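Colleague: Chain residues, written in single-letter form:
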Amino acid sequence: MAIRFENVRLQAGAFTLTADLEIASGARVAVMGPSGAGKSTLLAGLCGFLPLAVGRIVIAGQDITNAAPGARPVATLFQDGNLFPHLTAAQNVGLGLRPDLRLSGEEACAVQTALDRVGLAGLGDRKPAQLSGGQQSRVALARVLLQRRAVLALDEPFAALGPALKAEMLDLVGEVAQETKATVLMITHDPADARRLADETVLVAEGRANPPAPTGTLLDDPPAALQEYLGA
Amino acid sequence: MAERTQPIRALPGAIAAGFVLAVVLGAFAVVVSGADAERGLGPADLAALRFTLLQAALSAGLSVALAIPVARALSRRRFRGRTLLIAFLGAPFLLPVIVAILGMLAVFGRNGWISLVLVQLGLPPIQIYGLHGVVLAHVFFNLPLAVRLILQAWQAIPAERFRLAAQLGCGSRDIWFLLEWPALRRAIPGALAVVFAICLTSFAVALTLGGGPKATTLELAIYQAFRFDFDLGRAALLGCIQVGVAGLAGLVAMATLSDVGFGGGLDRSMDRWDGAGGLAKAGDALAVCLTVAFLFLPLVAIVLAGLPGLDTLPATVWRAAGVSLLVAFASTCILLALALPMAATIAGARRGWLETVGLMGLATSPLVIGTGLFLVINPVADPFLLALPVTAVVNAIMALPFALRIFVPAARDVLQVYGRLALSLELTGRTFWRVVLLRRLRPQIGFAAGLTAALSMGDLGVIAMFADPERATLPLQVYRLMGAYRMESAQAAALLLLMLAFGLFWLCDRGGRSGDSV
Chain A
1 MAIRFENVRL
11 QAGAFTLTAD
21 LEIASGARVA
31 VMGPSGAGKS
41 TLLAGLCGFL
51 PLAVGRIVIA
61 GQDITNAAPG
71 ARPVATLFQD
81 GNLFPHLTAA
91 QNVGLGLRPD
101 LRLSGEEACA
111 VQTALDRVGL
121 AGLGDRKPAQ
131 LSGGQQSRVA
141 LARVLLQRRA
151 VLALDEPFAA
161 LGPALKAEML
171 DLVGEVAQET
181 KATVLMITHD
191 PADARRLADE
201 TVLVAEGRAN
211 PPAPTGTLLD
221 DPPAALQEYL
231 GA
Chain B
1 MAERTQPIRA
11 LPGAIAAGFV
21 LAVVLGAFAV
31 VVSGADAERG
41 LGPADLAALR
51 FTLLQAALSA
61 GLSVALAIPV
71 ARALSRRRFR
81 GRTLLIAFLG
91 APFLLPVIVA
101 ILGMLAVFGR
111 NGWISLVLVQ
121 LGLPPIQIYG
131 LHGVVLAHVF
141 FNLPLAVRLI
151 LQAWQAIPAE
161 RFRLAAQLGC
171 GSRDIWFLLE
181 WPALRRAIPG
191 ALAVVFAICL
201 TSFAVALTLG
211 GGPKATTLEL
221 AIYQAFRFDF
231 DLGRAALLGC
241 IQVGVAGLAG
251 LVAMATLSDV
261 GFGGGLDRSM
271 DRWDGAGGLA
281 KAGDALAVCL
291 TVAFLFLPLV
301 AIVLAGLPGL
311 DTLPATVWRA
321 AGVSLLVAFA
331 STCILLALAL
341 PMAATIAGAR
351 RGWLETVGLM
361 GLATSPLVIG
371 TGLFLVINPV
381 ADPFLLALPV
391 TAVVNAIMAL
401 PFALRIFVPA
411 ARDVLQVYGR
421 LALSLELTGR
431 TFWRVVLLRR
441 LRPQIGFAAG
451 LTAALSMGDL
461 GVIAMFADPE
471 RATLPLQVYR
481 LMGAYRMESA
491 QAAALLLLML
501 AFGLFWLCDR
511 GGRSGDSV
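Chains as they are written, first to last, in this note's numbering: chain A, 1 to 232; chain B, 1 to 518.
Take the hints with a grain of salt, since some may be wrong.
Some chain A residues near chain B, calculated using beta-carbon distances under 10 Å [stated by the list, open to error]:
#1 R9
#2 L21
#3 T76
Using C-beta positions, here's what the derived DEER-type ranges look like [as the list claims (entries may be wrong)]:
#4 B:W506 <-> A:S104: 55 to 65 Å
#5 B:A57 <-> A:A53: 28 to 38 Å
#6 A:N66 <-> B:D382: 49 to 59 Å
#7 A:P163 <-> B:R82: 24 to 34 Å
#8 B:T5 <-> A:C109: 39 to 49 Å
#9 A:Q79 <-> B:R319: 25 to 35 Å
#10 B:A65 <-> A:A129: 21 to 31 Å
#11 B:W506 <-> A:A129: 50 to 60 Å
#12 B:T256 <-> A:A60: 54 to 64 Å
In case anyone wonders, no lab produced these hints; they're calculated from the structure.
Since this is a predicted model, take the numbers as computed values, not measurements.
No residue lacks a Cβ here, since even glycine has one placed at the ideal position from N, Cα and C.
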């Protein structure tokens, strides 16, 4: 589903970020830029954690500017704390269907299927602490599968994983997005991530989120702000 | 930054705080309007005020002065049982006052262990009743608290400074002036103020060890005006003075004391290179041994004295024990119903006034609230019938400040770490409470419930005002047995009370920790 930021201004303390851009339906977009440039602020605005100072956000033709975070068609993977440590993997996935965890038999089956799909068959009864970092990410992705939201927002959820594991996860994100037909917005500071998953990249710099540009072109011939950040 | 959305609503916490505010302020208002101000303060009232201030000042000064060498020894020595001893410094908080007093009588009383030795030597026995008895009991209860507060200050000195001082060749004396005294100078006023404020509203100690025109605290005078003279106007007038004095001291204490920690971390010991001399070692050993003796002998005494009578306890004691368990259970439920929503709202960083309401229990006195509630209930119902519910509510309000200190930081963590995730999953309101918050706070709930149950179990305050012969809690029954000079039964009942209070705490705390380990 297409996402439109119309004349958006986000205000976090003294910090201001403006965004006026459109992301095509089904696109996979990386969000890059220097630390503190406002990448997470942009996502917080999209997810509904930070109210907009000005402007509106439209997803699939629907104005969601004032919708509560849970009511938006957005599934989010955060940097950390994506799983509740006191709930089992299956329960954490089940939250994607029913927040009160009162699952019907059919829904419980769907949870198992989702766990199978991400390669965690038989591990549903484990608590997050009994799973590896990669397996924890898979649990969160299984939940995204069940949430079936139109937009998948990722705030560097795999930053703590090693390069091979991270590549594996990005591929899984691609597959999950394809199955749910979701539009993907992914914050990253690693150009390799952007090249691997995203055809387009939004550059956030100097208080502004720029319209998406083809990732390859942007990284091969970066504008000044990005060049400084990349150190290329 | 804009107000952050939270998965829980602020309203339930505000309602709980409103209830507390209504009870406390309502009781104050009734007390103030009921006060017989025209009569003014009589000589007995002034004597009570003077005695209250004097004993609180002496108790605070002695507790803190004695705590300094003990904290110093604990901070610079390592010995077997050190961790255990520091953990036990928290125990007097849970210890029912009446139990401690019986234990102290067995050690320091006229027929106590020390007096026996003195009489053998041809000296007169110790006279424990009066000012010095009250102060002795207050030091017993507050020395451990003072040690903990001062130890905290000591441990806040960075280890690198001690290393640097050692390298510069500083001796114990230099280190004291260079490092330790400056750190203590900041902690001592807070410790003094807290102990002073606690001792101002002391009731059970003054009831048992004080009394008479020379040794009556304000709190005791309220009880006497109420119970013996049924002079409600005078009780209310004394209540006004008590609120003024205790409220002021409570404010000063809160302002000077940055943080009363319940938490761990105090059992860390420091690497020190000074104090290796024999004299310093002997001094530290003496401080620790005397403290252990002072704190443990009364407990040992009550166990030894209580055991023989335990199987012949009168039926009234068992009935009182049942009543106390019921009150403790009700208190704990009320506390959780108030503290959890309040903590969640405070943790959500909204409604700053809630925090102040939560602290009101520290600055008020149970007997003043009791007097106020009596005056409110009296016209519409028999207050003596409502003795137990009133006791349960007052106990819960008294435990509220401690419970909030336990809940708020933990709830803040949960909201910070899982708030956004919960919001994005539409995990809000009651579902958030059930699926996330209550389960994440389980250890804290167990700990706070244990504290409240033990405090309520051992409380001898409002119940003494309200109770009739048919209705007694276990602490009150112990007091009545003492008054009837049935010491063996009193000691056995006190031992039962001790076991129940500590047992309740242990059960709740353990219940909170078992189950999820993550």
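Colleague: For which of the previously enumerated hints does the structure constitute a violation, in increasing order of number?
Modeller: The structure breaks hints 1, 2, 4, 5, 7, 8, 9, 10 and 11; every other hint is satisfied.
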